[in-house]
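> So the chains spell out like this:
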Amino acid sequence: MQSAWLSAFAFLLVSTLVGAGLLGAASVLRVRAKYDSPLKHNTYECGEEPAGMSWMQFHARYYVVALFFVLFDVEAAFFFPWATVLREEGTSAFIAAVTFAAVLMLGWLYAVRKEALEWQ
Amino acid sequence: MNELVHGALYGTLIATAILSTIAMGIWFERKFAGRMQQRLGPTIVGPAGLLQPFADIIKLLQKEDIVPRDADRGLFDLAPILAVVCSLGVAAVIPFSPSIIASDLDVGVLWVLGIGGLMVIPTFAAGWGSNNKFALLGAMRAIAQSVSYGVPLVLAVLVPVVLSGSLSISGIVAWQAQHHWFAVWPIVPGLPAFVIFFLAMLAESNRIPFDIPEAESELVAGITTEYTGAKFTLFYMAEYVHTLVGSALGAALFFGGWDGPFAPGLHWMVLKTLTLFVLIYWVRWSLLRFRADQLMRLCWTWLTPIGVALLLVSAAWVTFGGTN
Amino acid sequence: MESIPFGLAALVTLFSALRVVRSPNLVHAALWLGLALLGTAALFAVLGASFLAGVQVLLYIGGVMTLTLVGIMITRRHDGLNVPAESIGHVRAGVVSVALFAVLAWAISATPGLDAAPLGPDATTQDIGHALVGTHVLAFEVVSMLLLAAMLGAIVIARRKDPAPHAVTHLHVPATAVREAAE
Amino acid sequence: MEITVEVQSATRGSVDPHLSIHAYEAEGDLMLLHFGPQHPSTHGVFRMDLHLDGETIVKATPYIGYLHRGVEKLCEKLTYVQQTPIVDKNDYVAPMTNEQALNMAFEKLLNIEVPRRARYLRTIFAELQRVASHLVWLAAQSIDLGGALGGGSTLFLHCLRERELIMDLFEEVSGARFHYNTHTIGGNRHDLPDGWSKRAQAAISQIESRLSEYEDLSLGNQIFVDRMKGVGVLSAALALELGISGPVLRGSGVDHDLRRDAPYHAYDELEVQVAVEQGGDCLARAKVRFREIRESLRLARVAIDGIPEGPICSFKPTRQPTQVKLTGGQAYAALESPRGELGTFVIAGGDTPTSPYRLKIRAPSLHALAAIPYIVPGANVSDAVAILGSLDPIMGEVDR
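Residue numbers (this note's numbering), protein chains in the order written: chain A, 35 to 154; chain B, 69 to 392; chain C, 768 to 950; chain D, 9 to 408.
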């Protein structure tokens, strides 16, 4: 195991402590209301009683965008190790990556043509 | 165990530095915005209002903690802490000088992108957990924006990775110190990649002109609509941490990090980071806000293909450019 | 020394995996899944697979998790959000899980050559890179085809929904049109 | 009676303008979002019930009345002279025009001629008020588009700085910065102090010089244009049918301006260039307002140069509210307020001769809001904010 991971993990712990510590400090400093009104715990909706559920069905384009993100991330995941050896491997690695990216951009081109990534 | 102590020690140091920078940064931003808007900004608390951030924090911590009746209590409470962790955690692998780095991870770039990308989880938890329509709308907007701009962000970050051949941030900075800053040379993949990085970073940290997730004129306060007091403070803090850490990352990846003449490395890193930080303020207080569809169009029809092209150009530079 | 972090990560992974299947709320289940994936990433890191750990966080939690959450949000029937726990049938589920585990374990142990890692135990990112553009360059290119296929599939499926109500993009009805419709 | 879309459509031939709403399954697809009354960008207390499909608005129902103060009823109890300060609070962004509209109706009722100097003063005040009001519109619109914590507020505060100059000028004349009470039946109460004209000219020059800066920040800003272009398209026919007037109507391509078409004050002596833009979208309305600011500055400058000497009130100014007594008659007078045709209809008589039997104020903002059910559906939540801002409603005037 790489020792740096332990340090990074410790850093995350410190960050958590920052967040939790602030909440802890607040629980001491906080002013408490003498009388609790049920109105205070209403969901905010511009002063009106909330109507219906806060749940709604979102458009499928959210899913397309998220999927495209995953696909481009997968692409990047392949590019990261490739990038570290590009200098040594030379032209063949370059050509492999160009082909890879070109094939992927075909999908992007199709998406733009079909306006699949248009938001409205 | 030694590493654990090292990480905790440097983590505390860096977190403290970041948080105090943000406290003063907020004061500076308010002064800065005030001057831009023909007013003075804070003047009352302390000399030139210098103690204003502390007054703000104490005020916010004193506020009553109100949880909506219909909220998902667990997620509602967890989200602000997660937001701080995800934004602050990124700083773990950023070298502030050749020696000041919490964790010199060999896949530092992946850590940055991965932990930064986790921000969607607290956003969703807050939006969904509040059971508020504005919060949910804001959360979904934030997720769509964050995943969309994640793509140009990854592509832009790949450019210095390709040019230096290293996945570690300190490795990238060291390479720049030996050769040249990427924003300066090679100018073609370097500078445009920085511009894309900058835009994507603005979008990831929800800054104007990309602040549609919290667009207060439309969604009241987006995901933080139902939050009060300390929990709101944490979200507010996370946003500033995100911006500051993003600036530090930009300085490290494209402007040579701690590299610079005359002064020690830390000075240069701080100077570069703060310059980018102020640049973000400047953008924020001058521009209006995009609409969701315009934001998406900018990302997918322009930034993404340009990012891929820049990636290939930098690969060509490395393969055929020769010398370094 | 490595067994402590490994044990912790494994424990977190197992616990959150259990919560994924036991959680009656879909959103909670999805978020527990995120923790399970994070635990897996930690396992990878402990075992020395730095790159894999990074990619696990980037792709699975940042990507697949988001996809799952968005998937839940675009479903139509939200009243089915809470899966009643009684309906699961513990015995049957247990049998199926054990059977699945047995099959997978058998498949892994029976596959020849799996125990000898192709890149050795301490493979660095560079080694992966070399393998990717060297011996496995064909697979590397085929992956791009796979990604392309996934993209096209997503676009086609998403577009199929289009003629539904969303086709109405601009609803401005001029007064004259309203009057004509009335007559 | 609650004003709903159904009521409106019933009066318009039983046709629901939201024909598409039937394509949705009410429970499954649509979310009802109360947008207002306590919302940062509803310009006061105004509520829109938005039916959302995702982020697309399918139906928008405006609800008004949160700021109802019974001004018209109050006016029935007050004497004629006492009413001016009350109506000041209606359109609280352009109080001068409120007073003028009211007193014009009384003058018409009493058949009183206003002296030429007073008519010039009223013209100057009206034009300066229009500039101030449009500056507030630009300020509010940029906040709507750009956020209270961002570039929007920068433009907001700069706009208010210029508005201050105009308020200073008004303060010099009337002693009040906002609710002036400077108009009365038959003319004005306060004459210009010494050197006012010179200072007014200087202020106008200053506003003029800074206006192009604001134009660069808004109409010259690609984000601003993209947010406004093609959003909230209002056709001329619908605008006319809904009784919309002012910049909103002119943004839809209808060349109509009371200053030119039915001159009052001193407009018969001045040549008013009416700003008309085609398109009917938010951008067209914004362009109209910008051109109107420039035109108003020009008109104010010409009018200040041409102020004649003479009395400022033909009707003897009085401190006795009971001086005006009427037993019958009715009158309607309208002027072009920054928001459109602001009219006052007054019926004299009733039980008390010192106060009107009925007073009705025709508020242009109310008519502008009537367009919301027609132009908001199809847009998304961000657009709804931009559209509302471009209609420039003042709730004090809508609800009265």
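Everything labelled a hint here was simulated from the structure, so no lab data went into it. Each residue gets a CB set at the ideal place from its N, CA and C atoms; glycine is no exception. Treat the hints with care, since some could be wrong.
[As the list claims (entries may be wrong)] A few chain D residues facing chain B, derived, Cβ under 7 Å:
hint, residue
1, Glu84
2, Thr87
3, Val233
4, Lys368
5, Val393
[To be verified] In silico contact screen, one side only, chain C against chain A (beta carbon under 10 Å); selected entries:
hint, residue
6, Gly856
7, Gln893
8, Gly901
9, Thr902
10, Val904
11, Leu914
12, Ala917
> Hint by hint, say whether it matches the structure.
Here's how the hints hold up against the structure:
| no. | hint | in the structure |
| --- | --- | --- |
| 1 | Glu84 | violated, 39 Å |
| 2 | Thr87 | violated, 43 Å |
| 3 | Val233 | violated, 10 Å |
| 4 | Lys368 | violated, 34 Å |
| 5 | Val393 | holds, 5 Å |
| 6 | Gly856 | violated, 28 Å |
| 7 | Gln893 | holds, 5 Å |
| 8 | Gly901 | holds, 7 Å |
| 9 | Thr902 | violated, 12 Å |
| 10 | Val904 | holds, 5 Å |
| 11 | Leu914 | holds, 5 Å |
| 12 | Ala917 | holds, 6 Å |
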